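Q: Each chain, letter by letter, is given below.
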Amino acid sequence: MEKQGTIIKVSGPLVVAKNMEGARMYEVVRVSDHKLIGEIIGIDGDKASIQVYEETSGVGPGEPVYSTGETMTVELGPGLLQSIYDGIQRPLPLIQKQSGSYIKRGIDVPGLDREKRWEFKAVKNNGDRVVGGDIIGEVEETSLITHKIMVPPSISGTIKSIKNGSFNIEETIAVITDENGNENNVMMLQKWPIRNPRPVKEKAVPNRPLVSGTRILDTMFPLAKGGAGCIPGPFGAGKTVTQQTLAKYCDAQIIVYIGCGERGNEMTDVLMEFPELEDPNTGEKLMKRTVMVANTSNMPVAAREASIYTGVTIAEYFRDMGYSVALMADSTSRWAEALREMSGRLEEMPGEEGYPAYLGSRTAQFYERSGIVKCLGTDGNEGSLTIIGAVSPPGGDLSEPVTQNTLRVTKVFWGLDAKLAYRRHFPAVNWLSSYTLYMDNIKDYWDKEISPEFAQLRTEALGLLQEEAKLEEIVRLVGTEALSPKERLTLETAKSLREDFLFQNAFDKVDAFTPLKKQYWMLKSIMNVNHVAQRVIEGEDFNFDELLKLPVMERIVNAKNLGANAEDDYKKLWEDTEREILSLRKA
Amino acid sequence: MQKEYKTIRSIAGPLVMIEGVEGVKYEELVDITTASGEIRSGKVLEAREGMAVVQMFENTQGVGAFGSKARFLGKTLQLGVSKDMLGRIFDGRGRPIDGGAEIIPEDKIDINGNPLNPTARDYPDDFYQTGISTIDAMNTLVRGQKLPIFSGAGLPHARLAAQIARQAKVVKVDDEGNIKEGEGNDENFAVVFAAMGVTFEEAEYFTSEFKKTGAIERSVLFINTADDPVVERIATPRMALTAAEYLAFEKGMHVLVILTDLTNYCEALREVSAARKEVPGRRGYPGYLYTDLATLYERAGRVQGKAGSITQIPILTMPEDDITHPIPDLTGYITEGQIVLARDLHKQGIYPNINVLPSLSRLKDKGIGKGKTREDHAGVMNQMFAAYARGKEVRELAVILGEAALSEADLKFLKFANEFENRYVKQSENEDRDIIKSLTLGWELLKILPRNELKRVKPEHIEKYMK
Numbered sequence: 011m012e013k014q015g016t017i018i019k020v021s022g023p024l025v026v027a028k029n030m031e032g033a034r035m036y037e038v039v040r041v042s043d044h045k046l047i048g049e050i051i052g053i054d055g056d057k058a059s060i061q062v063y064e065e066t067s068g069v070g071p072g073e074p075v076y077s078t079g080e081t082m083t084v085e086l087g088p089g090l091l092q093s094i095y096d097g098i099q100r101p102l103p104l105i106q107k108q109s110g111s112y113i114k115r116g117i118d119v120p121g122l123d124r125e126k127r128w129e130f131k132a133v134k135n136n137g138d139r140v141v142g143g144d145i146i147g148e149v150e151e152t153s154l155i156t157h158k159i160m161v162p163p164s165i166s167g168t169i170k171s172i173k174n175g176s177f178n179i180e181e182t183i184a185v186i187t188d189e190n191g192n193e194n195n196v197m198m199l200q201k202w203p204i205r206n207p208r209p210v211k212e213k214a215v216p217n218r219p220l221v222s223g224t225r226i227l228d229t230m231f232p233l234a235k236g237g238a239g240c241i242p243g244p245f246g247a248g249k250t251v252t253q254q255t256l257a258k259y260c261d262a263q264i265i266v267y268i269g270c271g272e273r274g275n276e277m278t279d280v281l282m283e284f285p286e287l288e289d290p291n292t293g294e295k296l297m298k299r300t301v302m303v304a305n306t307s308n309m310p311v312a313a314r315e316a317s318i319y320t321g322v323t324i325a326e327y328f329r330d331m332g333y334s335v336a337l338m339a340d341s342t343s344r345w346a347e348a349l350r351e352m353s354g355r356l357e358e359m360p361g362e363e364g365y366p367a368y369l370g371s372r373t374a375q376f377y378e379r380s381g382i383v384k385c386l387g388t389d390g391n392e393g394s395l396t397i398i399g400a401v402s403p404p405g406g407d408l409s410e411p412v413t414q415n416t417l418r419v420t421k422v423f424w425g426l427d428a429k430l431a432y433r434r435h436f437p438a439v440n441w442l443s444s445y446t447l448y449m450d451n452i453k454d455y456w457d458k459e460i461s462p463e464f465a466q467l468r469t470e471a472l473g474l475l476q477e478e479a480k481l482e483e484i485v486r487l488v489g490t491e492a493l494s495p496k497e498r499l500t501l502e503t504a505k506s507l508r509e510d511f512l513f514q515n516a517f518d519k520v521d522a523f524t525p526l527k528k529q530y531w532m533l534k535s536i537m538n539v540n541h542v543a544q545r546v547i548e549g550e551d552f553n554f555d556e557l558l559k560l561p562v563m564e565r566i567v568n569a570k571n572l573g574a575n576a577e578d579d580y581k582k583l584w585e586d587t588e589r590e591i592l593s594l595r596k597a
Numbered sequence: 010m011q012k013e014y015k016t017i018r019s020i021a022g023p024l025v026m027i028e029g030v031e032g033v034k035y036e037e038l039v040d041i042t043t044a045s046g047e048i049r050s051g052k053v054l055e056a057r058e059g060m061a062v063v064q065m066f067e068n069t070q071g072v073g074a075f076g077s078k079a080r081f082l083g084k085t086l087q088l089g090v091s092k093d094m095l096g097r098i099f100d101g102r103g104r105p106i107d108g109g110a111e112i113i114p115e116d117k118i119d120i121n122g123n124p125l126n127p128t129a130r131d132y133p134d135d136f137y138q139t140g141i142s143t144i145d146a147m148n149t150l151v152r153g154q155k156l157p158i159f160s161g162a163g164l165p166h167a168r169l170a171a172q173i174a175r176q177a178k179v180v181k182v183d184d185e186g187n188i189k190e191g192e193g194n195d196e197n198f199a200v201v202f203a204a205m206g207v208t209f210e211e212a213e214y215f216t217s218e219f220k221k222t223g224a225i226e227r228s229v230l231f232i233n234t235a236d237d238p239v240v241e242r243i244a245t246p247r248m249a250l251t252a253a254e255y256l257a258f259e260k261g262m263h264v265l266v267i268l269t270d271l272t273n274y275c276e277a278l279r280e281v282s283a284a285r286k287e288v289p290g291r292r293g294y295p296g297y298l299y300t301d302l303a304t305l306y307e308r309a310g311r312v313q314g315k316a317g318s319i320t321q322i323p324i325l326t327m328p329e330d331d332i333t334h335p336i337p338d339l340t341g342y343i344t345e346g347q348i349v350l351a352r353d354l355h356k357q358g359i360y361p362n363i364n365v366l367p368s369l370s371r372l373k374d375k376g377i378g379k380g381k382t383r384e385d386h387a388g389v390m391n392q393m394f395a396a397y398a399r400g401k402e403v404r405e406l407a408v409i410l411g412e413a414a415l416s417e418a419d420l421k422f423l424k425f426a427n428e429f430e431n432r433y434v435k436q437s438e439n440e441d442r443d444i445i446k447s448l449t450l451g452w453e454l455l456k457i458l459p460r461n462e463l464k465r466v467k468p469e470h471i472e473k474y475m476k
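Taken in sequence, the protein lines are chains L and S. Just add 10 to the spot in the first sequence (first one is 1) and you have the working numbering. Just add 9 to the spot in the second sequence (first one is 1) and you have the working numbering.
Misleading hints may appear alongside valid ones.
[Claimed, not checked] Stretches of chain S that chain L covers, calculated by requiring three or more beta carbons in the stretch to come under 8 Å of a beta carbon on chain L: (1) 174–181; (2) 330–342.
[Unchecked claim] A short list of chain L residues far from chain S (calculated; beta carbon distances all over 12 Å): (3) K19; (4) D54; (5) E125; (6) D188; (7) P209; (8) N275; (9) N308; (10) G370; (11) K421; (12) E459; (13) S494; (14) N515; (15) G573; (16) A576; (17) R595.
[Stated by the list, open to error] Some residues of chain S that are not near chain L, with every Cβ distance over 12 Å (derived): (18) D100; (19) E345; (20) N391; (21) E428; (22) K473.
By construction, these hints were calculated from the structure, which means they are not laboratory data. Keep in mind it's a predicted model, so treat the numbers as computed, not measured. Just so it is clear, CB atoms sit at the ideal spot from N, CA and C, and this is done for glycine as well.
Work out the full structure: start from the sequences and follow the hints.
A: Right, here's the structure in full:
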């Protein structure tokens, strides 16, 4: 590391240095004698503006700046899974070992363990031709996930040598000779700059649902694997619980969870809970498929800005192996605020509400890193990266810049509602304002895998809920007596939808996760009442209380407690519903 | 030897620009001597080559461009800490104002603190009984939580905070329903109190309250009243939290920190930000308000391998009772819930006037239930929330349609809402209702409702507890 420049200004996380002739944008530098980690974010002549990822108190003009010649990168390779990183990929447990309970400055720890040896199994042979992205070997990283070792994107040629055995991540596992006869040593460790998306062969249109086990999300507003969704909501509406439920139960193979500027205790909860939790599908510990990035609100603000990119680059790396990856970012508003803070200190011209004018393009760049892709290489692998960002609009006001910029680039909107949360209706996703644009993409999958009538039932159910909102206005003015029997039926069905289908307890072991098939059965049980009852109520003076007192109604309330494979029980329930309701018909 | 500079170039509000300086560090402390010999202190807000922007803790009256001298002290703002601070009263910058001797510090600590590593934290899950039903049963506080009180001008938040400080203790309920006291209630319990820009009377209320109950022996008070320097307010909560961290994590005490009033603190931040001509965020508050508040609120919790804990109760008054105002809004995004006080309940003569619907405790789930409080706690809580929300809706409906038009079930919900406010929310300032009493009273109120509407409680709990 050589000395390059001299500090001439310090203002919070922004440091300006002179004599920085060789500096390049986004180069990593070490600031002052404390060797604080910083990144160059602006150049003016020989002066460079540096955002510093650590606390700068006690730093002053005249102190040195050291160049490293590298851009901000993450380390990729075996050892990522089950890790807990700060915003710039320093493992938090290692930081704790070095500096105790508090995070002190100038700590330098590598993202991946250099000592640990991994059992490398080659899947290619000497003499094979390979291109960037080809999988040349495998490492059993956890009992759940096989880590695939890929040829770095920039290398192609013929394998000169490759060997099985036990290696650490810096040892050569293969030598590849390129067209010009140059030999490239390939090791398991790769580095990638966090602000550049990793290359893919081509992007495809998402066509399979990401199943989370949360009924209002999966059935009413489904998100596709490889899609992008956002969860805006005021505080206390349940953003974090929703994100965590997704991280726990969604059917992606790899989870990257970014706690960006959120609460320390909440992160601790995640850190303590995840290693205990079991995957409902495999029975394995959930942590074995998870990478966490935790930059809590009191940790340095510049590292918060980087945390989003650190997380998404790691996610892309697993996507390139052909895995389906889901990334949760909680909350992107804190990332935007970090941008605003740095922008303000750079004295840039502000856009709306003090946010920089490039907020929109940065947001779009981030969400566009999602997608279903054909991976590089000749193996024809397909991977997906789904991004779900929480947004924390001030005062719950969705017209603010971060929400609006996010809505432009995400296709699923799960709007959380404080009023529902006050009533303790969870998940507090508002069924009137939320939407999905993936319904057409995944309808084929639903038709084939679940039932051809599922999509139809969903549309009807959403229609009923919409109708309910209108009718409630009328009821408020004139009372229920003024409603026709058909309208009363709508109200009753909508109530049943809300209380017995949409309401879900994330803290209840059984209720927290409902497989998609079971969601269909439950929905059908409720809508079935509506369908059958329509046949009896018309015309005559119908007594609603009799309908509500039928024994089958109690069973519909408890339908969520039927087993996940209890198709026959549900079928029986539908038959009984039909019989009991039709028995009300006047002889 | 430190150099003195006579090169003050400009003064704007609390900011002083000094030229020709060398070797100045960011956040370094500065003493400025006025022409008449008074010493004022400040800290470096921006260090440039040959220039420093200094933010004064005291007013800049008497500081001039000529005749005043600045001296850079080469250290950041520190607090000398010791266990002897207990029972003492300090000003907003940590100087004793109770007439007692100076503290002989065991250690000097930078008041900004360092961020706690999330992997080093221990999750707070010890039920903290306050003796107030609406908190214990509905918005449960746990030890190590940060739970602010969102109040408004003229509401009794000070009385509520004092009552919590008086009654808070860790308890556990065994399977037979007997309440047992947990560890750390007496000799290891301490209160750290910071007043920022409050009136003399409010500060006096707390001091005399602590003196009256003898709690002063276990308390450390930092007082910055409304007429004290505005900028000093920015340092005050950091002083208090530094003392609290020392007591909790070095001395193994369980510390309850009360900060009042955060609104004044944020106003002070805005004042400095405006003087620096920074680009404002919402309502003129600086764009880094969230980050700044987080560096205060996040200094609460428990640490693995350490005996003590810090529980924070910040108080803020919402301007115009507006919960979407940036101060309560950003606070709510950082703290683990909030206790919201309601003006209408206060006008009805109900104390404590806690509006449970927008109130929330995010850490309650791990602190309640079997082994902590009682198995039926979660069910009773959710049922009361749902029923009270519906009861309030019915009340609005009754205003439009008249009570005669309400259905039988709706009338019961209305009755529930009324009883809930008058019997459950309302309690006297000295009433220390234990958790079993609160739950029992909850069941009593739930009896008002039709049985088939009790969907959030388990049937077996209805059999067992509803008598």
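Q: Indicate, hint by hint, whether the structure satisfies it.
A: Hint check:
no.: 1; hint: 174–181; in the structure: violated (count 0)
no.: 2; hint: 330–342; in the structure: holds (count 8)
no.: 3; hint: K19; in the structure: violated, 4 Å
no.: 4; hint: D54; in the structure: holds, 15 Å
no.: 5; hint: E125; in the structure: holds, 20 Å
no.: 6; hint: D188; in the structure: holds, 43 Å
no.: 7; hint: P209; in the structure: holds, 33 Å
no.: 8; hint: N275; in the structure: violated, 6 Å
no.: 9; hint: N308; in the structure: violated, 4 Å
no.: 10; hint: G370; in the structure: holds, 17 Å
no.: 11; hint: K421; in the structure: holds, 26 Å
no.: 12; hint: E459; in the structure: holds, 32 Å
no.: 13; hint: S494; in the structure: holds, 18 Å
no.: 14; hint: N515; in the structure: violated, 9 Å
no.: 15; hint: G573; in the structure: holds, 20 Å
no.: 16; hint: A576; in the structure: holds, 21 Å
no.: 17; hint: R595; in the structure: holds, 25 Å
no.: 18; hint: D100; in the structure: holds, 23 Å
no.: 19; hint: E345; in the structure: violated, 6 Å
no.: 20; hint: N391; in the structure: violated, 5 Å
no.: 21; hint: E428; in the structure: holds, 19 Å
no.: 22; hint: K473; in the structure: holds, 20 Å
Hint compliance for this structure: hints 1, 3, 8, 9, 14, 19 and 20 are broken, all remaining hints hold.
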